[in-house]
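Chemist: One-letter residues, chain by chain:
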Amino acid sequence: MIEIRDLTKRYGSFTALDHLNLSLEEGVVFGFVGANGAGKSTTFSILATLLSPTSGDALINGKSVIKEPKEVRKQIGYMPDFFGVYDQLKVDEYLDFYGASYGIVAAERKVLIPQLLELVKLTNKRHEYVDLLSRGMKQRLCLARALIHDPKVLILDEPASGLDPRARVEMRDILRNLKSMGKTILISSHILPELAEMCDEIGVIDNGKLIAHGNVASIQAQLKGEKRIVVKVTDRLNEVRAFLEEDPLISSIDVMDNRLEIAFNYRGTDDDQAALLKKAILANLPIYALSEEEKDLEDVFMAITKGADNQ
Amino acid sequence: MMERFNNPVFVKELKLRFRSFKSFSGLMFYLAVICIFIAGFLLITTEFTGKGFFRPETSFMMFAVLTILQMALILFITPSLTAGAISSEREKQTLNILLTTTQNSTQIIIGKLLSSVAFLVLMLIAGLPLYSLVFLFGGVSPSQLISIFLFYLLTVVAIGSIGVMFSTITKRTIVAMISTYGSIIFLGGITAFFFFLSMAFHQMGNAVGTGTSYMAYFWASINPGALMLTLTSSSMGDALVQVSGVKLPVWISYLIAYSLIIIVCLTIAIKKLRANMKSNR
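Same order as they appear, the protein sequences are chains A and B. Position 71 of the first sequence, counted from 1, bears residue number 71 in this note's numbering, the numbering being contiguous throughout. Position 226 of the second sequence, counted from 1, bears residue number 226 in this note's numbering, the numbering being contiguous throughout.
Just so you know, not all the hints are guaranteed correct.
What the hints assert, rightly or not - Chain A residues, not near chain B, derived (Cβ > 12 Å throughout):
| no. | residue |
| --- | --- |
| 1 | ASP6 |
| 2 | SER52 |
| 3 | ARG145 |
| 4 | GLU245 |
Unchecked claim - Pulled from the structure, derived: some chain A residues nowhere near chain B, Cβ distances all over 12 Å:
| no. | residue |
| --- | --- |
| 5 | ALA48 |
| 6 | ARG73 |
| 7 | LYS74 |
| 8 | ASP81 |
| 9 | ASP131 |
| 10 | MET181 |
| 11 | GLY214 |
| 12 | VAL230 |
| 13 | ILE253 |
| 14 | VAL255 |
| 15 | TYR288 |
| 16 | GLU292 |
Unchecked claim - Now the stretches of chain B that chain A is said to cover, found in silico as 3 or more residues with beta-carbon under 8 Å:
| no. | segment |
| --- | --- |
| 17 | 10 to 16 |
| 18 | 92 to 100 |
| 19 | 240 to 251 |
Hint data in this document are derived by calculation from the structure and do not stem from the laboratory. Model, not experiment: these values are computed from the prediction. Where is the CB? At the ideal position from N, CA and C, for every residue including glycine.
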């Protein structure tokens, strides 16, 4: 569905995108992760036919963003990271204008607009002025606008930025709905944990290069090697600590006195871990819980980008 | 069939324009200026008695001055309506969304221009009843009025195109506005200055009525004020023929020059709308 080939964008001596390659199947939800200025918005702008790449090309449903931008525009719904609305235009007029801009005839627009407003839960705001809506509502309205010509691909640049938790949840529900409709969705976000549960695939971009691409589990697996384990004890914290310090597979021990917890990095396999637990219990240590700290996408991202910096 | 000729930007712009208070206050200001002028003129010519007679020559005089005044008002108002066309969309962060729709650059630019022109036409029509007062007193033919209105329209579209062009190629509305007013000062003021300058140079070597000064003719032919003078009174046209030696009526050169301005400015605007794209398709 989406084929990005050797995409490069330079501004003078600054390289915003460096030979980016990426291929996505139809119906996939792709999360684009990266720090500010890593190249996410540049990539999305090129896909949205707003920016010509310095070299390389991108195909959306077989259409080149360079050679057939007009065809590409029919295939995509784009939501920029920052956008404004026209004041003195009402919600339904706003959608009507963009519908007309995509060449949808008036009769069809009349049917379509209530459906879209229903989808983004703005039906009761239909006759209100757009600039009086809250930020979350504007984001949803902008999403409805991006959907008006029924595009196959949605390009959403930071759709959840600046939203309060409730608005974020609403946005996520809508996106889940769109996913079930079979849309291919590209989404960039700073709120990484939320991306993780929505996305089929994740790409990590740093300094204009795609440094990791795969499903969430496989990216997390890239980090495997050391895990962080937390044990909870009822008493005798120092005794437990002394016991742990003897194990050569353990490093970076942190004792949290106030919570009676000890955290440490562990290099061993799962079998080693089982053996360690057994030994601890046989030694009569008052351990009542042992758990692996979940690494969320944020940690994954931090670890990967830190790795890239060190190279 | 209706849908085919439908320009969404045009429809939206008209909607927004007629909803804003600014448009109505502008229209009011425009009509007020004309009203004050006409009332003042009538009072002065009747020596503040409200009685007396009004000769056709006086009526013609009022018509001529009103024509120039209306032209000046148009030149003054057009930039404020067109210089924000694209740059204000950019400032409001709505341009990128508009550019990802399937409308092409030509449609967007023409829609923007036509909506501004439509408003100015409304202004001209709203002023027409006041303008037509001259018919009460005679001295002016309706065909003269029609040709003057057609040239108003041409000037509005040309200045509008300049405004839209600057609005497209500059990042900010204020810069576009200043550039457009600058162009008007050039067309309305500096050309007049150059006209007199080249006349003076020309007359240094020749007696009046001999030789031709294409330079002087050129500056006069692109000046809206000079055009209006020659349109209102044929003796003005004759005078220009006599001093410059060029027999071609000013309105023909004006038509050509301003049509060229429209074509050049709109072409630049359309090409530069998608400035970050190599092609403007």
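Chemist: The structure should be examined with respect to each hint, and the outcome stated for every one.
Modeler: Results of checking the hints against the structure:
1. Even its closest Cβ contact with chain B, about 17 Å, leaves ASP6/A beyond 12 Å, as expected for a residue assigned away from the interface.
2. The Cβ of SER52/A does not lie farther than 12 Å from every Cβ of chain B; its closest approach is about 4 Å, which violates its non-interface assignment.
3. Interface exclusion of ARG145/A from chain B breaks down, the closest Cβ pair being 7 Å apart, not more than 12 Å.
4. Look at GLU245/A: its CB is around 58 Å from the nearest CB on chain B, clear of 12 Å, so calling it non-interface holds up.
5. With 12 Å as the threshold on Cβ separation, the claim that ALA48/A sits away from chain B is violated: the shortest Cβ distance comes to roughly 5 Å.
6. Its beta-carbon lying about 5 Å from the closest one in chain B, ARG73/A breaks the requirement of being farther than 12 Å from that chain.
7. For LYS74/A, the condition that its CB be more than 12 Å from all CB atoms of chain B is violated, with the nearest at approximately 6 Å.
8. The claim that ASP81/A lies off the interface is violated: its Cβ sits roughly 10 Å from the closest Cβ of chain B, which falls inside the 12 Å cut-off.
9. With a least CB separation of 10 Å from chain B, ASP131/A falls inside the 12 Å interface cut-off, contrary to its annotation.
10. Interface exclusion of MET181/A from chain B stands, the closest Cβ pair being 20 Å apart, more than 12 Å.
11. In this structure GLY214/A is separated from chain B by more than 12 Å, as the shortest Cβ-Cβ distance comes to about 29 Å.
12. With 12 Å as the threshold on Cβ separation, the claim that VAL230/A sits away from chain B holds: the shortest Cβ distance comes to roughly 46 Å.
13. Taking the minimum C-beta to C-beta distance to chain B, about 51 Å, the non-interface status of ILE253/A holds against the 12 Å cut.
14. Interface exclusion of VAL255/A from chain B stands, the closest Cβ pair being 51 Å apart, more than 12 Å.
15. The beta carbon of TYR288/A is kept farther than 12 Å from every beta carbon of chain B, the shortest such distance being approximately 55 Å.
16. Separation of GLU292/A from chain B is adequate, the least Cβ-Cβ distance of about 44 Å exceeding the 12 Å criterion.
17. Here's how the segment 10 to 16 of chain B fares: 4 of its residues keep a CB closer than 8 Å to some CB of chain A, so the rule of at least three is met and the hint holds.
18. Counting residues of the segment 92 to 100 of chain B whose CB lies closer than 8 Å to any CB of chain A gives 8, so the stated coverage by that chain holds, three being the minimum.
19. Residues of the segment 240 to 251 of chain B with a Cβ under 8 Å from some Cβ of chain A number 0, which does not satisfy the need for three, so the listed coverage is violated.
In summary, the numbered hints that this structure violates are 2, 3, 5, 6, 7, 8, 9 and 19.
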